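Each chain is listed here by its residues.
There are 2 protein chains.
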Amino acid sequence: MTFSLSGRGDRAGAVHAFAAPYLLFLGDVTEPGFAKTAFGLRDWAGDRCIGEHALPDATVSTGLARLTPAQAAASGARTMVIGVANQGGVIPPSWVRELLAAIEAGLDLVAGMHSRLQNIEELRDAAARAGTRLIDLRVPPPNLPVASGRKRTGRRLLTVGTDCALGKKYTALSLARGLGERGVDAIFRASGQTGIMIAGEGIAIDAVIADFAAGAAELLSPDAAPDHLDVIEGQGSLFHPAYAGVSLALLHGSQPDQFVVCHEPGRRQILGTAGMELPTIEAVIEQTVALGRLTSPAIRCVGVSLNTGRMSPKDANREIEETSARLGLPAADPIRGGVAFDRLLDACR
Amino acid sequence: MTFSLSGRGDRAGAVHAFAAPYLLFLGDVTEPGFAKTAFGLRDWAGDRCIGEHALPDATVSTGLARLTPAQAAASGARTMVIGVANQGGVIPPSWVRELLAAIEAGLDLVAGMHSRLQNIEELRDAAARAGTRLIDLRVPPPNLPVASGRKRTGRRLLTVGTDCALGKKYTALSLARGLGERGVDAIFRASGQTGIMIAGEGIAIDAVIADFAAGAAELLSPDAAPDHLDVIEGQGSLFHPAYAGVSLALLHGSQPDQFVVCHEPGRRQILGTAGMELPTIEAVIEQTVALGRLTSPAIRCVGVSLNTGRMSPKDANREIEETSARLGLPAADPIRGGVAFDRLLDACR
Numbered sequence: 001m002t003f004s005l006s007g008r009g010d011r012a013g014a015v016h017a018f019a020a021p022y023l024l025f026l027g028d029v030t031e032p033g034f035a036k037t038a039f040g041l042r043d044w045a046g047d048r049c050i051g052e053h054a055l056p057d058a059t060v061s062t063g064l065a066r067l068t069p070a071q072a073a074a075s076g077a078r079t080m081v082i083g084v085a086n087q088g089g090v091i092p093p094s095w096v097r098e099l100l101a102a103i104e105a106g107l108d109l110v111a112g113m114h115s116r117l118q119n120i121e122e123l124r125d126a127a128a129r130a131g132t133r134l135i136d137l138r139v140p141p142p143n144l145p146v147a148s149g150r151k152r153t154g155r156r157l158l159t160v161g162t163d164c165a166l167g168k169k170y171t172a173l174s175l176a177r178g179l180g181e182r183g184v185d186a187i188f189r190a191s192g193q194t195g196i197m198i199a200g201e202g203i204a205i206d207a208v209i210a211d212f213a214a215g216a217a218e219l220l221s222p223d224a225a226p227d228h229l230d231v232i233e234g235q236g237s238l239f240h241p242a243y244a245g246v247s248l249a250l251l252h253g254s255q256p257d258q259f260v261v262c263h264e265p266g267r268r269q270i271l272g273t274a275g276m277e278l279p280t281i282e283a284v285i286e287q288t289v290a291l292g293r294l295t296s297p298a299i300r301c302v303g304v305s306l307n308t309g310r311m312s313p314k315d316a317n318r319e320i321e322e323t324s325a326r327l328g329l330p331a332a333d334p335i336r337g338g339v340a341f342d343r344l345l346d347a348c349r
Numbered sequence: 001m002t003f004s005l006s007g008r009g010d011r012a013g014a015v016h017a018f019a020a021p022y023l024l025f026l027g028d029v030t031e032p033g034f035a036k037t038a039f040g041l042r043d044w045a046g047d048r049c050i051g052e053h054a055l056p057d058a059t060v061s062t063g064l065a066r067l068t069p070a071q072a073a074a075s076g077a078r079t080m081v082i083g084v085a086n087q088g089g090v091i092p093p094s095w096v097r098e099l100l101a102a103i104e105a106g107l108d109l110v111a112g113m114h115s116r117l118q119n120i121e122e123l124r125d126a127a128a129r130a131g132t133r134l135i136d137l138r139v140p141p142p143n144l145p146v147a148s149g150r151k152r153t154g155r156r157l158l159t160v161g162t163d164c165a166l167g168k169k170y171t172a173l174s175l176a177r178g179l180g181e182r183g184v185d186a187i188f189r190a191s192g193q194t195g196i197m198i199a200g201e202g203i204a205i206d207a208v209i210a211d212f213a214a215g216a217a218e219l220l221s222p223d224a225a226p227d228h229l230d231v232i233e234g235q236g237s238l239f240h241p242a243y244a245g246v247s248l249a250l251l252h253g254s255q256p257d258q259f260v261v262c263h264e265p266g267r268r269q270i271l272g273t274a275g276m277e278l279p280t281i282e283a284v285i286e287q288t289v290a291l292g293r294l295t296s297p298a299i300r301c302v303g304v305s306l307n308t309g310r311m312s313p314k315d316a317n318r319e320i321e322e323t324s325a326r327l328g329l330p331a332a333d334p335i336r337g338g339v340a341f342d343r344l345l346d347a348c349r
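Going line by line, the protein sequences match chains A and B. FYI, in the working numbering the residues of the first sequence are 1 to 349. FYI, in the working numbering the residues of the second sequence are 1 to 349.
Treat the hints as calculated values from the structure; they're not laboratory data. Among the clues, some could well be false.
No distinction is drawn between identical chains; accordingly, a pair holds when it is met within one copy or between any pair of copies.
[Claimed, not checked] Distance condition first, Cα-Cα at most 25 Å in a straight line; then the derived SDA-like pairs of lysine to any residue:
#  : residue 1 : residue 2
1  : Lys151    : Gly275
2  : Lys314    : Arg129
3  : Lys151    : Gly337
4  : Lys314    : Asp223
5  : Lys151    : Thr273
6  : Lys36     : Ala274
7  : Lys36     : Gly272
8  : Lys151    : Leu219
9  : Lys314    : Ser324
10 : Lys36     : Thr68
11 : Lys314    : Ala207
12 : Lys151    : Cys164
13 : Lys151    : Glu31
14 : Lys314    : Leu329
15 : Lys314    : Pro56
16 : Lys36     : Lys314
17 : Lys151    : Ala165
18 : Lys314    : Val139
19 : Lys314    : Arg48
20 : Lys151    : Gln87
21 : Lys151    : Asp257
22 : Lys314    : Asp227
23 : Lys314    : Leu100
24 : Lys314    : Leu327
Here the structure is a predicted model, which is why all the values come from computation and not from measurement.
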């Protein structure tokens, strides 16, 4: 890896943080879509993953070495990360034996599912005996503060979106990596469970009690050196009727100097609503500046990240060029990269 | 009482709801400021309070009949409400005997403090034996939904503010009562713990997990008859760096047709910040419309509620008249009432 994902361990207790290297647990997964977290870890934190462990029924693999928990521990692993989800987000009884084996091998366990490791008595007892930790990323860290609005040192960039689930995490990871490769002291800051698994640190902002959400966002990107850049993973959208409050708390607490708008060309309706119209990129820029200047008076948009995965290369390039020309801002698809992405990175420096 | 506080019981389980009449518990309070909740209940829900109960050391009284829990139960009381707070929001050991006496008399207990009834083992055991309920208003109801953004039937008015703690609850209560007296089918909807105690029903929005805050606000004011008006208690401020996310979730979930801006003349700085400047009433109107129209396209400001408690009657009247003239909207102090308040009520009809 050529970029730093986080300042691991410096705020343990205040944010979720866990130790590398990791063994990835795949359960009995047969559907690659349910192993997205494991693939994300392999792709973005490959240097911290030393192997995978699965039940005999699993048919999906990350391509990493197959290791039992005991073998992984002997090779230096510190944590087994549950890198797989299933419908309902539950931890099935068939996984428990393998989770116990990991605890007995001295590994901490990390999960981001709805059902909690802490609620399974066998795991709780075994972890207490072994002196290992059960880390549920959907349980917010204790003693989060109320936000103060105090301006912090260092620089911050936040990814925002025209909607949910269109590339805010991927964009933030790509920007942090690209800027790191160009010599910028940049760190990815995770605000969601998959991001936290990749970074090894963070707070799932949407799982925090509403009164403390902005305070949690303040903790996420602490004071830093003047030229240091935190690239903060956005959540939701200011135009989503269910999640705008979370997005606003994250915007206010992050106090970004810069933001990048993420958008999926062709998406017309807000996810999970009965036909609410997607806002334009222009409307998102205007609203983000209008609201963000409360805690960051000089906030500005530095570019646009387009998720063109469903378009042909030709259509994608045209969309990127037209968007850039229309807004007078760099636009790029980080997955396609190229000169357009170089220009977006230059604008973030 | 000439106005309806809530539609008690129709959504039990989804919102906090408890049964009248109440016995108000005052603990060992010697400082009237700490008994604000009890006074609020006496003033706004007097017909549902049949008495008060205090320890011998207490020197503050609501003026209601002094009844032991057993006497109150014999007179028909269903619930003992802890109407007093102390520094730290804890339940001191000296109260436990009286709380146990209430449980043994068959009363449910309601508390809105940081420390929870449910966490005191003796109370939990006693309530299990007696078949009574321990209701902690700071624990959100289970299984809250994610907001859908679906437009609901009926009319809604939300009180919003230039800051926290300047009269949004009092204004909503006054509007609901005043409109009820004028024949409007209006209900007060409580979004904070004191409001819930007064209404006997509601959800403390700021205590909800951020992802579900807008969903909780949708539950709070369900579908209703076309001419029915829910008067919803606002929280925080869109300009408060710690609470704007909560305010936005409440705005989106409430989908108000109308809103009233609450303001305290003379307040210059946002509460709890190091000198952040208070927004103007004009800025609050503009921002509330810009954000609120996502779920309520026809949203509009119908007036201003001024908290002039620290001003002379003459200064207060001048401030009310100047504000009304400047904005071209009715302005009033609900506590002072008068013609100005009549005009504000007319604008809400």
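* **Non-conforming hints, listed in increasing numerical order** => Hints 2, 3, 4, 6, 11, 13, 15, 16, 18, 19, 20, 22, 23 not satisfied by this model.
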